[in-house]
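Going down the list, the sequences are from chains W and R. Per this note's numbering: the first sequence = residues 1 to 893. Per this note's numbering: the second sequence = residues 1001 to 1228.
Any given hint could be a false lead.
Unchecked claim - Chain W residues, not near chain R, derived (Cβ > 12 Å throughout):
#  : residue
1  : T28
2  : I68
3  : V155
4  : I373
5  : F477
6  : V485
7  : S535
8  : S671
9  : K675
10 : A684
11 : T686
12 : R694
13 : D702
14 : N720
15 : K804
16 : K873
What the hints assert, rightly or not - With beta-carbon atoms standing in for the labels, derived distance ranges:
#  : chain 1 : residue 1 : chain 2 : residue 2 : range
17 : R       : R1195     : W       : E709      : 44 to 50 Å
18 : W       : L826      : R       : G1027     : 29 to 35 Å
19 : W       : R648      : R       : Q1192     : 20 to 26 Å
20 : W       : L670      : R       : G1027     : 33 to 39 Å
21 : R       : A1122     : W       : E709      : 35 to 41 Å
22 : R       : S1073     : W       : D827      : 56 to 62 Å
23 : W       : E580      : R       : Q1192     : 54 to 60 Å
24 : W       : A746      : R       : P1013     : 26 to 32 Å
What the hints contain is simulated information worked out from the structure, not anything from laboratory work. Model, not experiment: these values are computed from the prediction. Glycine included, each C-beta is placed from N, C-alpha and C at the ideal position.
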Amino acid sequence: MTDHGQKNRPDPDKLLELAARETRGKLTVFLGAAPGVGKTYAMLLRARRLKEDGADIVVGLVETHGRIETAELLDGLESIPRKQVRYRGKVLEEFDIDASIARKPKILVVDELAHSNVPGSRHPKRYQDIEELLWQGIDVWTAMNVQHLESLSDVVTSITGVTVREIVPDVVLKRADDVLLVDLSPAELIMRLKEGKVYLPGNAERAAAGFFKPANLTALRELALRRTADRVDDQMIDLLRENSIEGPWATGERLLVCVGPDDLSEKVVRTASRLASGLNARWLVVSLTETDDAGEATGKRLDELLGLAERLGAETRRVIAEDFVEEIFRIARRENVTQIVVGRPRSARWANPFRRSLPNEIIKRFTDIGVHIVTGEERGISYAAPSMRQRSGPELAKAIAVPIAATVVTTLLGLAASDIVHAQNLSMLFLVAVILSGMICGRLSAVIAAGLSFVFYNFFFLEPLHDLSIAKPHQLFSLIIFLAVALMIGDLAGRLRDQVAQSRNQAKNTQALYEFSRKLSGTARLDDVLISSASHLHSTFGSGVVILMPDDNDLSLQAAWPPDLTLDGTDMTAARWAYEKNERAGADTATLPQIGWQFLPIHTSNGVSGVLGLSMDDQPGLSENDDRMVTAILDQTAIAIDRAQLVRENAKTAALQESEKLHTALFSSLSHDLKTPLASITGAVTTLRELGSRIKAHTRDDLLLAIEEEAARLTRFVANLFDMTRIEAGTLKAKKLPVDAAEVIASSIERMKKLKPGIVIETSIASDLPMVNGDASLLGQTMFNLLDNAAKYAGDGPIAVYAKQDGEEVAISVTDQGKGIPPKDLDKIFDKFYRRVKSDGRAPGTGLGLSISRGFIESMGGTIKAESPAIRKRGTRFIVRLPVAGPERAAVA
Amino acid sequence: MNQHRILVVDDEPQIQRFLNPALAASGYEVIAASTGAEAERLAATSAPDLIILDLGLPDKDGKEVIETVRAFSDVPIIILSARDREAEKIASLDLGANDYVEKPFGIGELLARIRTALRQQAAGTSVPSRFEAKGLVVDMVKRLVSRNGEEVHLTRKEYQLLVHLVLHAGMVLTHRQLLASVWGAAHVHDLQYLRVFVGQLRAKIEDDANSPQFIRTEAGVGYRFIAE
């Protein structure tokens, strides 16, 4: 029996929830029936006991309300200092959630679960603070009175007459790991009150007299006891489920609750909530609307209603259907619903031929399902009632004016044509008026037109004329038929219009989305994608749009529309929240709702890749429709971001491949540079060893000289490589001491002449050349490199070296008379391993000299640049500039 | 003694600097070229007996020089190349170069290669009827192979492979060259054939197949038969 097997297996959802609970902190709620029963006292007493046992328990916030016994209990318990919050000129003390998270105790005591935070706090409600604490893995103890439970607030109001403002969603209590009832009999409580042991906030004192009546207290106590008992039941069932113990534990009841945008529905939801918790049943709340674009007000109403239902622990669903009863039937079958809850207004004020009572229809349709009907004075769900659609003033005026005009014109036309056309056929003309009205202004107009047509036709065209009475029975019959046909056609025309409007609207949205996605598909750069999305969202909603993406581990503003938008610190906090927690934050959400932005995470295939911010300054929140639109645009954006990032990756890969190619070229050039001297040396040495006796003396000397020179070449090359490595690794530390540049230049020239004896070097060094700030050995090597470079390219022409003071700098130039460097290559010559190709196609040298020179000069705080052509369209000039040594430095030296 | 004339093609003056006196001291007449164009001209006009060619030339790729020279002459060409340029070596050998020497090299090694190449050239097209070295006898008339007096049984392909190696003793033969001459042009990429047959051949003629003294592997390039 598979069913049996199924039942025996623990519910996977339950297990998942359990797993989540492992890391989540545990919530313990001290539940009381009324203020003054001693919740705080009980909580602190337990806290002390645990503390004495060595537990890490800290008081986050406790209101003693001046009660000495309670205050005494606080002694010896660690407390988190309260935060000072400035609000409307007053300084208020609030619970410091950040400090608590930073302290991260095992258990934190935070009193008054139902408390509303000062506007501007991170969360508007304390239970949201506590949710975050739990999420951080901190166990929380808190206290509340049963009257604050959302599902009971209307009951409490009806019992006590006091409106409860601070509300805690039922799920908070439902998800609590432990609920402890702090109980006190009403008589005792009243006694405590009389003794002044119960603190009541100033404005509540007036209500207190009425509130603390034995009858009220008894009722509240019963509520608290029942709630706790329910929880015990739940825990029992959970325990059985976790341990896979087979029933009979499940009632198996499932409620389907039907609501609409009407006033009665809220009551229906609350009633259903109590019913569901009483039956221990899962419940599904379905909102029913006929069209998708039900209007702003209706949408918002439904949002609120379903939000309430969710907080009370229901599943919710939005349903758009023509035939409510059929849809309800379908859902009921699919979801194995056992009971249906629906509202019915107590009295129908006016009879409407199109309006049927939804509860009646449901009762008729279902034979095996219990139907609960919630009655009330409020108006119930309108079912197939065209007249119930909300219209704006001008719209309504139009809806009435158009059918009147149409029928009057038809009547006039009919009167004009009555001589040629038989009155019987004129009815067709009126049908046209009905259809036109329906098509232009909807069903209401069609109905009006039908009614008017009926009257006018009868009055002006049926015998006896100018009278609403009817002479012949067959005319009565055709008149009734006419009315029926007019109504039907009018209704159809109206529906058609609605549908056309709706699909046009949808087509418009789809078209806009299509345009957008086409625009996006043409953009491969991430910046362009972000800007496109931002501007599209802006044009769709008219509000400011920002997009933030992570940059160096923090979010930063990447695109904004209008482009001058900025975010302040709080906005950024909300944005980060949305990014890190992967949930909406800011306006119209539970996190930082006071700010003017709503932030939505952008999901891509790589997780959350950024955050979208919508300015909410001018609007209370996103309507259902807008929300869907935003989500659709966001999806498109996410895909485009994904693609842009892929393109970027590709470009990176390509660049990497390019650099790999470069490396290969570099490597082969390096290997050639190293191997040629080695090959010469090896060849010369082996020749001397093996053939020495057969070689003439002067050739032997030449081979030995070749070995020496090649070894020197190798040494220089290796030294260059080391210098380059030092520069690149940043370990090169140039001294900055006064240096006599003239002396350094002279010794470099000396060195060069030794290497290349035939070289011609002309010098012109100012006799009053000041000292420069620098490093003599690095400057010497630079000069040598520049001379070496010039010698390679100079051909046979002389090399000119000049040095003079130029303002606060000394300029040293080395000019050759070679072919010069094409302008496009001029900025590349300082690149590592860059070489100009000689006329014979062969690149001489290592390609490191100039690069090293630049590294040296820059490390000394100087500059180096190249100019070409230098003189008479030929040659290259290198100019080194170094700062003149200051007098104080010269003095030190 | 008929003095051999060697054309040395290298753009590095340092290499010419020791190579020319060394070759002259070994009894060769040396002519030098430092570019590809010059090399081609001298190869055509001064009838060298052997060309030593550096592949990295300033004006053109050394492989182009091989192609040009091979169009009119089968003069032995010995390549000077770096160890890490395997693909270049193979391409050169396939284009018709006879051998290669890796830089840096000792002069003795180069001289040995020169001698082998010149000897091969002198032997010309006349196929020897008998080969004998280190106890291995290959009788190409009777198609008999013996090792230390004992007859070795070879399959047809093994025999063909051995003969091809023996005829080019001392020279490197690329995989491609061996495959083409033994298995035919259609099989030049079937390196696996060659590996298997060389393995079998070694097992039959070598004392120790793991350190062969006849068929030496030129890693990544081909095989060389060592006769002395």
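Hints, verified against the model:
With a least CB separation of 73 Å from chain R, T28 of chain W remains clear of the 12 Å interface cut-off, as annotated. Once the 12 Å rule is applied to beta carbons, I68 of chain W is consistent with being away from chain R; the minimum gap is 90 Å. At roughly 88 Å, the least C-beta separation between V155 of chain W and chain R is larger than 12 Å, which holds for a residue marked as non-interface. With 12 Å as the threshold on Cβ separation, the claim that I373 of chain W sits away from chain R holds: the shortest Cβ distance comes to roughly 87 Å.
Interface exclusion of F477 of chain W from chain R stands, the closest Cβ pair being 99 Å apart, more than 12 Å. Interface exclusion of V485 of chain W from chain R stands, the closest Cβ pair being 88 Å apart, more than 12 Å. The claim that S535 of chain W is not at the interface with chain R holds, since no C-beta of that chain comes within 12 Å of its own (minimum 54 Å). At the 12 Å boundary, the C-beta of S671 of chain W falls inside the reach of chain R, the nearest C-beta of that chain being 6 Å off.
Not every beta carbon of chain R lies more than 12 Å from that of K675 of chain W, the smallest distance being close to 6 Å; the non-interface claim is violated. Not every CB of chain R lies more than 12 Å from the CB of A684 of chain W, the least distance being 4 Å, so the non-interface label is violated. Its closest Cβ contact with chain R, about 4 Å, brings T686 of chain W to no more than 12 Å, contrary to its assignment away from the interface. Once the 12 Å rule is applied to beta carbons, R694 of chain W is inconsistent with being away from chain R; the minimum gap is 4 Å.
The claim that D702 of chain W lies off the interface is violated: its Cβ sits roughly 7 Å from the closest Cβ of chain R, which falls inside the 12 Å cut-off. The Cβ of N720 of chain W lies farther than 12 Å from every Cβ of chain R, with a closest approach of about 18 Å, so its non-interface assignment holds. With a least CB separation of 39 Å from chain R, K804 of chain W remains clear of the 12 Å interface cut-off, as annotated. For K873 of chain W, the non-interface assignment is confirmed: its Cβ lies about 26 Å from the closest Cβ of chain R, beyond the 12 Å cut-off.
Between R1195 of chain R and E709 of chain W the beta carbons are some 46 Å apart, a value that agrees with the proposed interval 44 to 50 Å. In this structure, L826 of chain W and G1027 of chain R break the distance hint of 29 to 35 Å, their C-beta atoms being roughly 53 Å apart. Between R648 of chain W and Q1192 of chain R the Cβ separation comes to about 43 Å, which falls outside the hinted range of 20 to 26 Å. Distance hint check for L670 of chain W and G1027 of chain R: the Cβ-Cβ separation is about 37 Å, which falls inside the suggested range of 33 to 39 Å.
Between A1122 of chain R and E709 of chain W the C-beta distance comes to about 39 Å, which sits within the given range of 35 to 41 Å. Judged by the Cβ atoms, the range 56 to 62 Å given for S1073 of chain R and D827 of chain W is violated: they are separated by roughly 48 Å. Distance hint check: the CB atoms of E580 of chain W and Q1192 of chain R are about 58 Å apart, consistent with the given range 54 to 60 Å. The hint said 26 to 32 Å for the Cβ distance between A746 of chain W and P1013 of chain R, and at roughly 30 Å that hint holds.
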